Amino acid sequence: MRGADVPVGTVLPEQRVVADAGSMKVFSLIMADSNPIHFDRHATEQLGLGSRLINQGTLNMAYPMNVVAAWIGDIRRIRSFRCRFLGSVYEDDEVVARATVTQVEGDEVTLAVSLDLADGTRLLVGSAVVDLETT
Amino acid sequence: MTAALPEGGEPFEQLRERVTGHVLPGGTFRVAGHERWLSHEAMQSAEVDVPVLHPVWILLGGLRGMGLSMDELMNLARPGPADSVLFGETEVEQRVPLCADTDYAVAGSVVALSRKQGQRSGTLDIMTVRLEISELATGELAAVSSQTYLITRRANARS
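As they're listed, the protein sequences go chains A and B.
For the first sequence, the working numbering begins at 1 and goes up steadily by one.
For the second sequence, the working numbering begins at 136 and goes up steadily by one.
Chain A on its own, in the form it takes in the complex (with noise of 0.2 Å):
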């Protein structure tokens, strides 16, 4: 696939994923993150989170890296991705993972991407830059 290929707007295959306490606990560990909101219900409940635990952003920011990553087919090719987080995610919510490109410049494109609730509530929003040649 060439940037020449890509028309402005195409719309990615969306992603859709539920945010699994498990997940949650590993990248704890991973992250070396001491906050109980993704490991201990009770911990949430009392810090008045609901009694549900809460990704971490770094999760979250995942999601539509993937959408891009399949994509592209090659992760390796993604130059640069931003996000602003706007929402908490919890577990067992479904979130839907989106991207569409809105800049080709030779074989450097350019995509939207984003992550809502299933009801389309907004939780991520930023971009992604991928080099369609380089391996």
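Any given hint could be a false lead.
On the chain B side, residues computed to face chain A include the following (Cβ under 7 Å) [said to hold, decoys possible]:
no.	residue
1	MET178
2	SER180
3	LEU203
4	GLU224
5	THR225
6	GLU226
7	VAL227
8	GLU228
9	PRO232
Pulled from the structure, derived: some chain B residues nowhere near chain A, Cβ distances all over 12 Å [stated by the list, open to error]:
no.	residue
10	HIS189
11	LEU211
12	THR237
13	ALA240
14	GLN252
15	THR258
16	ARG289
Across the chosen pairs, the derived CB separations fall in these ranges [claimed, not checked]:
no.	chain 1	residue 1	chain 2	residue 2	range
17	A	LEU49	B	GLU224	16 to 26 Å
18	A	GLY22	B	GLY257	50 to 60 Å
19	A	PRO7	B	GLU148	14 to 24 Å
20	A	GLY22	B	ALA167	18 to 28 Å
21	A	LYS25	B	VAL246	45 to 55 Å
22	B	ARG255	A	VAL125	34 to 44 Å
23	B	ASP184	A	ALA32	41 to 51 Å
24	B	THR273	A	GLU45	46 to 56 Å
25	A	GLU105	B	GLY257	22 to 32 Å
26	B	GLY253	A	ASP74	33 to 43 Å
Calculated directly from the structure, the hints in this document are not laboratory data.
As the structure is a prediction and not an experimental result, all values here were calculated from the model.
Backbone N, C-alpha and C fix where the C-beta goes; we use that ideal spot for every residue, glycine too.
Based on the hints, put chain B in the right spot on chain A.
Relative to the frame of chain A, chain B by itself:
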């Protein structure tokens, strides 16, 4: 992310001068093969060629190797006990893909501290940290991670 740290009360201009340009201790990190496997599964990532790491590891590796804990990093901005700290904007730049079982060096600094006043949100400080990740053996710059942290100042805010 939250931080409950000693009350500051330092005038903002003084705080900005002290924090901006602050060089972090830095350090090294290495991602073991099993951490790669477990993290990729947790991210629900499709198969990635071994030993390449998912680019989220640019953020994770930078935090591992910056030489400070997150609380120590936030403490540079002296959040008070009623202040809250959140991730703002995150950017990762992948020049050379990171790999498991490879040693990387991290060098970084606080590149900006700014203050905004909102009618509803009150006083908000925005601290930007840039971390550069280089392969330890060659010194080649592999990736850059830039994060902004939002510190909502509560009762002890001074402008």
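Evaluation of the provided hints:
1. Interface restraint check: MET178(B) against chain A, minimum CB-CB distance 4 Å, threshold 7 Å, status holds.
2. For SER180(B), the interface hint holds, since its Cβ comes within 7 Å of a Cβ in chain A; the closest pair sits about 6 Å apart.
3. Because the beta carbon of LEU203(B) sits about 12 Å from the nearest beta carbon in chain A, more than 7 Å, this interface hint is broken.
4. Look at GLU224(B): its Cβ gets to within about 5 Å of chain A, closer than 7 Å, so that hint holds up.
5. Satisfaction of the interface hint for THR225(B) is found here, the shortest Cβ-Cβ separation to chain A being roughly 6 Å, below the 7 Å cut-off.
6. Look at GLU226(B): its Cβ gets to within about 4 Å of chain A, closer than 7 Å, so that hint holds up.
7. A distance limit of 7 Å between C-beta atoms decides the matter here; for VAL227(B) the minimum to chain A is near 5 Å, and the interface restraint holds.
8. This hint holds: GLU228(B) has a C-beta 5 Å from the nearest C-beta of chain A, less than the 7 Å allowed.
9. A hinted interface residue such as PRO232(B) counts as satisfied when its beta carbon comes closer than 7 Å to some beta carbon of chain A; here the least separation is about 4 Å, so the hint holds.
10. Residue placement check: HIS189(B) does not keep its beta carbon more than 12 Å from all beta carbons of chain A (closest about 6 Å).
11. The claim that LEU211(B) is not at the interface with chain A holds, since no C-beta of that chain comes within 12 Å of its own (minimum 19 Å).
12. The claim that THR237(B) lies off the interface holds: its Cβ sits roughly 14 Å from the closest Cβ of chain A, which is beyond the 12 Å cut-off.
13. The beta carbon of ALA240(B) is kept farther than 12 Å from every beta carbon of chain A, the shortest such distance being approximately 19 Å.
14. Non-interface call for GLN252(B) relative to chain A: holds, since the shortest CB-CB distance, roughly 20 Å, exceeds 12 Å.
15. At roughly 20 Å, the least C-beta separation between THR258(B) and chain A is larger than 12 Å, which holds for a residue marked as non-interface.
16. Every C-beta of chain A lies more than 12 Å from that of ARG289(B), the closest at about 16 Å, which supports listing it as non-interface.
17. Take LEU49(A) and GLU224(B): their Cβ atoms lie about 23 Å apart, and the range 16 to 26 Å holds.
18. Between GLY22(A) and GLY257(B) the beta carbons are some 37 Å apart, a value that contradicts the proposed interval 50 to 60 Å.
19. Here the CB-CB span from PRO7(A) to GLU148(B) is close to 50 Å, at odds with the stated 14 to 24 Å.
20. At roughly 19 Å, the beta carbons of GLY22(A) and ALA167(B) sit within the given window of 18 to 28 Å.
21. Roughly 33 Å separates the CB atoms of LYS25(A) and VAL246(B), a value that falls outside the hinted 45 to 55 Å.
22. Taking the beta carbon of each, ARG255(B) and VAL125(A) are about 20 Å apart, not inside 34 to 44 Å as hinted.
23. With their beta carbons about 27 Å apart, ASP184(B) and ALA32(A) fall outside the hinted range of 41 to 51 Å.
24. The beta-carbon spacing between THR273(B) and GLU45(A), approximately 49 Å, falls within the hinted interval of 46 to 56 Å.
25. Under the hint 22 to 32 Å, the C-beta atoms of GLU105(A) and GLY257(B), about 41 Å apart, miss the expected range.
26. At about 42 Å, the beta-carbon gap between GLY253(B) and ASP74(A) stays in the expected band of 33 to 43 Å.
In the structure shown, a violation is registered for the earlier hints numbered 3, 10, 18, 19, 21, 22, 23 and 25, in ascending order.
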